[in-house]
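Residue numbers (UniProt numbering), protein chains in the order written: chain A, 1 to 462; chain B, 1 to 462; chain C, 1 to 462; chain D, 1 to 462.
Please note that the accuracy of each hint is not assured.
Note: identical chains are not told apart, hence a pair may lie in one copy or across any two.
In silico SDA-like pairs for lysine to any residue, Cα to Cα no more than 25 Å straight-line [stated by the list, open to error]: (1) K418 - E96; (2) K5 - I199; (3) K425 - L230; (4) K141 - G367; (5) K342 - T355; (6) K420 - R269; (7) K194 - R269; (8) K342 - S381; (9) K345 - D203; (10) K298 - D63; (11) K312 - S35; (12) K342 - K425; (13) K334 - A142; (14) K317 - G272; (15) K5 - W309; (16) K345 - E202; (17) K237 - Y143; (18) K420 - E233; (19) K223 - A47; (20) K71 - L333; (21) K223 - D352; (22) K194 - Q330; (23) K184 - K418; (24) K315 - K425; (25) K342 - L353.
Everything labelled a hint here was simulated from the structure, so no lab data went into it. In this text the structure is predicted, and so the values were computed from the model without any measurement.
Number of protein chains: 4
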Amino acid sequence: MLYDKNNLNIAYIGGGSRGWAWNLMKDLAVDEEISGTVRLYDINQEAARANEKIGNMLSERPDVSGKWQYKAMDSLKEALTGTDFVIISILPGSFEEMASDVHLPEEYGIYQSVGDTVGPGGLVRALRTIPMFVEIAEAIKAYSPEAWVINYTNPMTLCTKTLYQVFPGIKAFGCCHEVFSTQKIMAEMLKDMKGIAGIDREDIKVNVIGINHFTWLNSATYKGEDLLPLYREFTEKYAEEGYQIETEADQVRNSYFNSYNKVKFDLFRRYGLVAAAGDRHLAEFCPPWYLKNPEVAKEWGFGLTPVSWRVKDLKDKMEKSSRFLSGEEQMELKHSGEEGIKQIKALVGLGDLVTNVNLPNMGQIQGLPLGAVVETNAVFSHNSIRPVSAGQLPEEIYSLVIRHVVNQETIIRAAFSKDKDLAFKAFANDPLVNISIKDARNLFERMLSNTSEYLPGWEIEK
Amino acid sequence: MLYDKNNLNIAYIGGGSRGWAWNLMKDLAVDEEISGTVRLYDINQEAARANEKIGNMLSERPDVSGKWQYKAMDSLKEALTGTDFVIISILPGSFEEMASDVHLPEEYGIYQSVGDTVGPGGLVRALRTIPMFVEIAEAIKAYSPEAWVINYTNPMTLCTKTLYQVFPGIKAFGCCHEVFSTQKIMAEMLKDMKGIAGIDREDIKVNVIGINHFTWLNSATYKGEDLLPLYREFTEKYAEEGYQIETEADQVRNSYFNSYNKVKFDLFRRYGLVAAAGDRHLAEFCPPWYLKNPEVAKEWGFGLTPVSWRVKDLKDKMEKSSRFLSGEEQMELKHSGEEGIKQIKALVGLGDLVTNVNLPNMGQIQGLPLGAVVETNAVFSHNSIRPVSAGQLPEEIYSLVIRHVVNQETIIRAAFSKDKDLAFKAFANDPLVNISIKDARNLFERMLSNTSEYLPGWEIEK
Amino acid sequence: MLYDKNNLNIAYIGGGSRGWAWNLMKDLAVDEEISGTVRLYDINQEAARANEKIGNMLSERPDVSGKWQYKAMDSLKEALTGTDFVIISILPGSFEEMASDVHLPEEYGIYQSVGDTVGPGGLVRALRTIPMFVEIAEAIKAYSPEAWVINYTNPMTLCTKTLYQVFPGIKAFGCCHEVFSTQKIMAEMLKDMKGIAGIDREDIKVNVIGINHFTWLNSATYKGEDLLPLYREFTEKYAEEGYQIETEADQVRNSYFNSYNKVKFDLFRRYGLVAAAGDRHLAEFCPPWYLKNPEVAKEWGFGLTPVSWRVKDLKDKMEKSSRFLSGEEQMELKHSGEEGIKQIKALVGLGDLVTNVNLPNMGQIQGLPLGAVVETNAVFSHNSIRPVSAGQLPEEIYSLVIRHVVNQETIIRAAFSKDKDLAFKAFANDPLVNISIKDARNLFERMLSNTSEYLPGWEIEK
Amino acid sequence: MLYDKNNLNIAYIGGGSRGWAWNLMKDLAVDEEISGTVRLYDINQEAARANEKIGNMLSERPDVSGKWQYKAMDSLKEALTGTDFVIISILPGSFEEMASDVHLPEEYGIYQSVGDTVGPGGLVRALRTIPMFVEIAEAIKAYSPEAWVINYTNPMTLCTKTLYQVFPGIKAFGCCHEVFSTQKIMAEMLKDMKGIAGIDREDIKVNVIGINHFTWLNSATYKGEDLLPLYREFTEKYAEEGYQIETEADQVRNSYFNSYNKVKFDLFRRYGLVAAAGDRHLAEFCPPWYLKNPEVAKEWGFGLTPVSWRVKDLKDKMEKSSRFLSGEEQMELKHSGEEGIKQIKALVGLGDLVTNVNLPNMGQIQGLPLGAVVETNAVFSHNSIRPVSAGQLPEEIYSLVIRHVVNQETIIRAAFSKDKDLAFKAFANDPLVNISIKDARNLFERMLSNTSEYLPGWEIEK
């Protein structure tokens with residue numbers, strides 16, 4: 001694949017977004033090595049066109065080094081044909097469905113901190129999202145089978161799996177920044193415990209093993225030194241009070257995203273491996289140790305993110321979009337911390353990169369089923385991604401993880417066959433669904449009914 | 001192995017028992033094909049000698065066809081040397097330790113219906129029992145390496161595993177009657193639903209797959225007809241009210257052993273396979289769906305067996321023993337329903353038998369680790385036992401089962417290495433231990449302390 | 001399945017045969033427990049009608065206990081609809097193709113003793129036979145999906161595999177008598193070495209593990225005693241001169257079927273397990289240790305069976321058929337030694353049976369791919385067959401066996417996709433094809449061309 | 001591990017060698033980033049001391065950038081204590097044993113082109129070498145457990161496996177340059193077929209999968225373009241005449257090392273993957289397709305290397321050594337093409353590297369046994385090596401490879417248990433040992449007898 005680094009084509013599905021799309025714009029703007037065209041496709045065409053304008057305004061700024069042309073596209077076909085890369089970052093459905101996913105289970109005593117990955121909310125979101133990914137995968141197969149496809153959409157595992165299920169030859173992978181935060185905690189730890197300041201998170205080398213949002217590190221080093229003994233001391237030191245990294249983003253957001261990493265520390269004490277995702281995600285994968293009720297969650301120091309916050313956040317961003325369009329505000333030029341551009345550059349041939357991604361298991365995690373989408377490191381090089389052998393999960397963690405892997409396989413089969421009873425098997429088997437089978441069925445039916453608009457062909461009572 | 005069917009030797013370890021030993025006596029007494037000597041060994045020598053006398057009194061009765069000689073033996077060496085069969089049925093420790101196993105967790109909100117297999121109680125009982133089985137296995141290796149060894153002691157899986165771990169060439173297997181009850185339910189079902197009365201449980205042919213006390217049937221037939229569709233109707237019919245088989249034994253016992261099979265029916269509705277153990281056992285293997293608290297258990301129609309009942313029961317049996325010895329009471333001649341004698345006869349060469357046993361996995365359950373002790377059918381023939389291929393567990397059940405398989409492997413490693421932290425990993429990973437890690441540790445330490453007499457070499461605070 | 005043992009239906013595909021069909025008639029004739037109808041279907045309708053008459057003449061004889069009605073059927077549909085059992089025993093193609101399979105490779109220095117299982121001949125025969133089995137499997141699926149299907153046709157593994165590939169729910173198994181001969185050798189051995197005469201081959205209990213015609217015994221007992229130590233002595237005693245069992249059948253046949261069992265003994269000396277098929281079959285699975293050329297085969301004491309013999313044999317049997325029809329000759333009433341009727345009786349519910357069969361691997365042989373057709377013991381009971389766990393092949397044998405398992409998987413994929421290049425991969429990978437790749441291709445093309453009549457849809461140069 | 005790049009310690013076991021040791025000296029001499037001390041240990045102390053002098057003379061030269069100090073050490077303990085790296089490159093035994101390994105089998109019609117990896121010669125060499133590696137591994141465990149250990153000695157797989165068997169925590173890997181030659185052929189191919197000259201072999205990116213000397217590439221790219229279609233054309237073009245890369249080294253050597261790559265091309269035509277080792281090695285892993293006799297080997301265009309050549313070559317090098325010591329000749333400053341120094345630099349933290357190495361399988365090759373030493377790419381970074389997931393071997397190649405993997409496991413068990421019969425099982429199972437079992441045993445005994453000096457504790461007839 002001879003990529004022309006000055007004339008790359010990136011198709012962005014969900015290109016009307018005000019979060020990830022803007023991050024991409026910024027990251028492209030500050031990069032000096034590549035340029036080309038970004039095709040913005042969104043079912044909200046207006047939003048895509050707004051972003052087209054915002055992106056082009058940015059490219060015209062003299063302080064911007066990476067000059068890219070932004071084009072809103074009217075169809076997947078147009079967006080995909082001839083593209084080198086595809087980025088998928090969509091919101092499946094509206095906040096209305098998300099509110100049902102996250103909050104309806106609360107009536108049954110089931111609390112979720114995010115509700116987009118596992119648990120009742122993650123499952124129903126998956127059922128809604130999978131048909132969208134079927135459509136996208138078919139379009140990629142038809143119009144850009146050689147393109148590299150980067151997915152950011154949750155539930156990460158099932159979205160990525162759907163792409164491969166529909167088009168086994170796809171060159172797709174899923175990206176998630178949760179591991180980065182854990183690297184940052186390690187960098188903070190070196191400051192706190194050893195007085196070594198200013199360490200970049202990239203300098204913390206980790207071996208990643210697990211499934212998205214329930215990822216683990218069985219090795220972490222700094223300059224070749226094993227960090228796990230120090231992490232043991234660190235977790236003991238902060239097990240009770242917790243340890244919070246205050247980042248700018250957190251300030252902008254608010255307490256709903258707070259995390260004192262106490263879940264992470266507890267899991268380390270239990271199992272001896274570093275859990276490498278935010279506490280809000282980790283808690284959802286376990287039996288209700290940390291999510292028994294809002295009080296317990298509070299004791300563990302993490303917030304439950306209500307959908308009302310997301311509604312408010314979107315309103316803020318739409319206002320910001322207007323200010324960008326009117327020129328009232330300018331986009332701040334600063335790297336987002338995401339790795340998408342780095343990965344694209346490695347694939348284009350501009351230097352190898354080892355980082356964590358979600359890919360079908362081909363042996364990189366020994367003991368998990370082949371074909372299940374797992375998260376490990378991979379080597380990115382010219383037109384190639386190869387997972388790094390991560391080893392095996394310790395048995396105790398394996399028994400927590402396999403439950404979700406099995407559930408995810410069931411969910412995808414249910415989604416493809418539109419089989420409600422099969423989907424319910426997975427629902428009732430989720431560790432958070434710690435209620436009677438009758439209540440579980442009742443909740444399940446209500447949740448499906450609330451999202452039925454996105455489940456054509458299913459037999460759902462309304 | 002040319003067994004002399006008229007001169008067989010059976011060593012009974014735990015031969016002072018008033019339950020299983022008496023059942024053996026009765027079953028031998030009513031059998032007309034084999035005879036020989038039963039060597040009774042027990043750390044309670046007095047009890048063994050009482051049973052020697054009771055057994056020999058029985059053999060002298062004119063209405064008894066199977067004439068056996070009973071001999072109390074003073075050492076394992078004497079009991080084992082030259083024996084053809086070894087039966088192991090011991091009580092590990094006293095009721096005091098059992099009370100701690102079963103009831104101490106209640107202070108922490110953890111309820112157990114039996115407490116001898118999994119859960120906190122099962123784990124601590126295992127730690128206490130494994131060293132005893134190490135001693136027995138070493139003695140068998142030394143004195144009767146060619147003998148067939150039948151284990152009845154719980155925790156079945158870990159006791160059997162210990163025998164193989166110490167002496168890989170051992171010819172041992174574990175027997176459990178829980179599957180029989182499920183066959184009886186099917187026989188009752190045929191009466192209830194089809195009006196076919198008088199079916200023997202042996203006529204219900206089943207394919208057994210699972211681990212002891214968490215065993216499943218993926219096939220059940222009567223005269224070649226598939227019973228699962230009927231069982232589906234049956235479970236729907238009785239899901240709410242439950243269905244109780246009133247057996248004589250249950251009357252003798254009492255409500256602590258009641259079962260309305262509602263857990264069994266619920267598991268069928270969840271997973272589509274027949275759970276083949278009593279509800280009291282099944283409930284302990286699941287997340288606290290059925291054992292959240294005593295009220296929930298009651299709603300599900302099964303009792304929690306208190307150790308106080310066992311104390312009372314023993315007292316009754318000791319009085320019965322006195323009456324036997326004085327001739328005041330005579331043992332009732334009736335087959336116990338256990339299969340030990342049938343198995344012995346098949347091994348001696350008196351006809352093949354297919355029945356369920358616990359053996360190390362050599363592939364009979366695809367997908368579970370090789371070497372883990374699993375329960376399936378096996379073909380018993382002359383000096384040979386071969387497991388029957390049971391297939392694979394459905395994924396959803398697999399994810400429940402593997403958690404215990406993994407825990408059991410951890411427990412045995414912990415027991416052999418006397419590693420308290422490792423044992424605690426398994427403890428905290430048990431589905432019933434749905435409490436904070438700190439409380440879990442506290443409970444664990446107290447339980448170990450209560451059983452420390454049986455844990456030589458462990459570092460335990462008293 | 002409530003079978004009416006006095007009114008069973010057996011469909012015989014290949015029912016015009018003069019070998020296996022007559023054996024079936026005899027076995028049915030001497031059995032007193034079952035009766036019913038045998039439907040004879042054959043593409044050679046005349047032959048089927050002749051057998052109809054021969055069968056019915058037999059049933060009319062007063063000395064015959066098992067009275068069956070024989071009916072020639074004109075279509076698969078008629079033959080199958082409503083049948084309880086299906087027997088498949090066909091000759092795929094004519095002796096012309098068989099001559100090409102067996103003898104053309106000799107021009108290239110490749111010698112085959114049978115040429116119907118593996119080697120160049122076995123492969124080409126498989127390609128020719130698989131489409132026939134596709135048709136049969138589809139008919140069974142359509143007309144008798146609940147019937148038990150017994151296959152006797154070679155190549156056994158691939159015929160049985162085809163049935164399952166086309167109709168996964170089929171209740172089919174493959175039967176082969178090769179293991180019986182090895183049991184007979186063991187019985188002879190007990191006479192020769194221990195002076196114990198008159199042992200039935202059924203009394204030699206064996207554990208069967210392998211693939212058809214390359215099957216092994218890792219356990220053999222007589223009355224519970226391990227026979228392997230004696231077999232070691234026996235093989236040492238006869239390694240040089242060989243040991244021949246002269247059976248009546250062999251006399252009738254001739255030197256082409258001779259076997260001194262020296263290959264069997266050599267394989268035992270190499271690997272320590274008993275190879276359980278005739279030397280003529282075993283030799284074809286190995287590198288050309290025993291089949292380098294006809295002289296080497298002669299040294300090893302086994303004959304290469306020429307197709308000319310089969311032509312002659314058929315002529316003899318057709319004359320015999322005429323004599324049967326004219327009443328000039330009467331069928332001799334004697335059990336054939338095959339187990340088909342025993343198996344049918346067990347499936348009907350007339351008593352369990354443990355014997356060896358070919359079935360898709362569900363774990364009965366640990367380490368071979370799931371789904372590959374393997375040969376082990378199985379428990380036959382009322383409407384049920386369950387394979388017995390056979391264990392694992394020792395690594396050295398595994399490496400010989402896996403080569404054929406892999407080849408067979410390739411052959412079946414090639415046959416289903418009509419992919420000549422894929423078929424050639426398997427051809428060139430056969431251990432007997434020890435020639436240059438160019439010669440191999442040339443031979444392959446010529447062999448395909450000779451059998452092209454049976455390969456519709458393939459691109460073959462004629 | 002905070003390595004001091006200006007003060008590294010490298011222990012060289014076999015440090016008296018005139019081939020690999022001199023290559024190391026040259027590669028260190030031309031490198032500008034690292035320096036330190038090389039400790040030379042050899043059972044031939046005189047040779048080590050000569051190399052000490054030669055190395056230090058080199059370091060004194062003004063045209064040398066990498067200044068290293070060379071020290072001959074008298075014991076493993078001295079050489080290892082405190083070292084950062086260990087290089088193992090020894091000649092196990094003398095040319096006398098090697099002559100027996102390579103040439104004695106010729107009396108039995110078995111021809112070997114190298115005789116140091118598999119085949120009768122490779123097996124006997126392994127038996128001789130393993131005890132030496134046991135000693136080395138124990139010394140590393142005792143004196144330098146944290147050091148990185150690079151093995152160059154053949155048989156690579158079994159030497160590396162021995163290190164891990166004795167000391168599971170060892171940080172060892174095996175290096176081999178055979179893949180590099182295949183990359184060079186691809187570079188030549190681009191010149192020949194596309195006119196693109198001057199490509200470095202490092203620019204050909206390959207995915208490596210297999211076992212040492214029988215390694216395969218399932219992907220090869222240049223600037224992101226798939227090279228396999230071109231390689232297909234290339235192999236067709238040169239299948240008959242072959243294609244020879246004339247390198248300087250080949251000229252210095254002679255026809256014994258010639259290779260026309262016809263074996264490589266033939267294997268590609270058979271299996272569709274690129275075999276990535278020299279033809280002399282590849283031929284030894286196959287059935288005697290290419291090594292039937294010297295004429296066949298000649299037709300395939302590769303030479304059989306006689307030990308007489310090695311004797312002559314050593315004589316030449318010893319004379320060269322004298323000239324170095326006397327100053328009559330100067331070492332030529334030129335990179336050897338080996339990657340050892342690059343790997344050391346990556347481990348020290350001077351930049352990541354992806355290259356092929358031999359490591360125990362932890363899943364990098366799906367389908368081969370865990371723990372078997374396999375060859376794949378790995379990521380070298382600061383104090384870390386992680387294998388890259390290579391995928392699965394196609395089934396047809398798998399069946400060739402597994403035979404050797406199985407044999408190698410048998411050999412190592414035989415060597416550790418000094419079990420002659422077990423070793424013979426592997427011997428007789430080697431694809432080249434295509435002779436009668438009796439001749440095989442005779443050859444085996446003679447070969448063992450010839451190497452018995454290095455097999456203490458074995459029962460060998462002399």
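Between K298 and D63, at a C-alpha cutoff of 25 Å, which is it: within one copy, between copies, both, or neither? neither (44 Å within a copy, 68 Å between copies)
Between the shortest in-copy and the shortest cross-copy C-alpha distance, which are at most 25 Å for K312 and S35: within, between, both, or neither? neither (34 Å within a copy, 61 Å between copies)
Intra/inter-copy verdict for K194 and Q330 if alpha-carbon distance must be at most 25 Å: Neither. Shortest intra-copy (40 Å) and inter-copy (50 Å) distances fail the 25 Å Cα cut-off.
From the Cα coordinates, with 25 Å as the cut-off, is the pair K194 and R269 best called within, between, both, or neither? Close inside one copy (21 Å), not across copies (56 Å); limit 25 Å.
I want to check one pair: K418 and E96. Are their C-alpha atoms no more than 25 Å apart within a copy, between two copies, both, or neither? Classified as within; 22 Å inside a copy, 53 Å across copies.
25 Å Cα threshold - placement of D352 relative to K223: For K223 and D352, the Cα distance is within 25 Å both inside one copy (19 Å) and across copies (13 Å).
Within a copy, between copies, both or neither: which one fits K141 and G367 at a CA-CA cutoff of 25 Å? neither (31 Å within a copy, 30 Å between copies)
Indicate which option fits the pair K345, E202 if close means a Cα-Cα distance not exceeding 25 Å: within, between, both or neither. Both: 17 Å inside a copy, 20 Å across copies.
If the cut is 25 Å between Cα atoms, do K71 and L333 qualify within a copy, between copies, both or neither? within (21 Å within a copy, 57 Å between copies)
Treating 25 Å as the Cα threshold, decide for K342 and T355: within, between, both or neither. both (10 Å within a copy, 22 Å between copies)
Should K342 paired with L353 be assigned to within, between, both, or neither, using CA atoms and 25 Å as the limit? both (8 Å within a copy, 18 Å between copies)
Within, between, both or neither: K342, K425 at alpha-carbon 25 Å: Classified as neither; 40 Å inside a copy, 40 Å across copies.
Consistency with the previously given hints fails for numbers 4, 10, 11, 12, 13, 14, 15, 17, 19, 22, 23, 24, ordered from lowest to highest.
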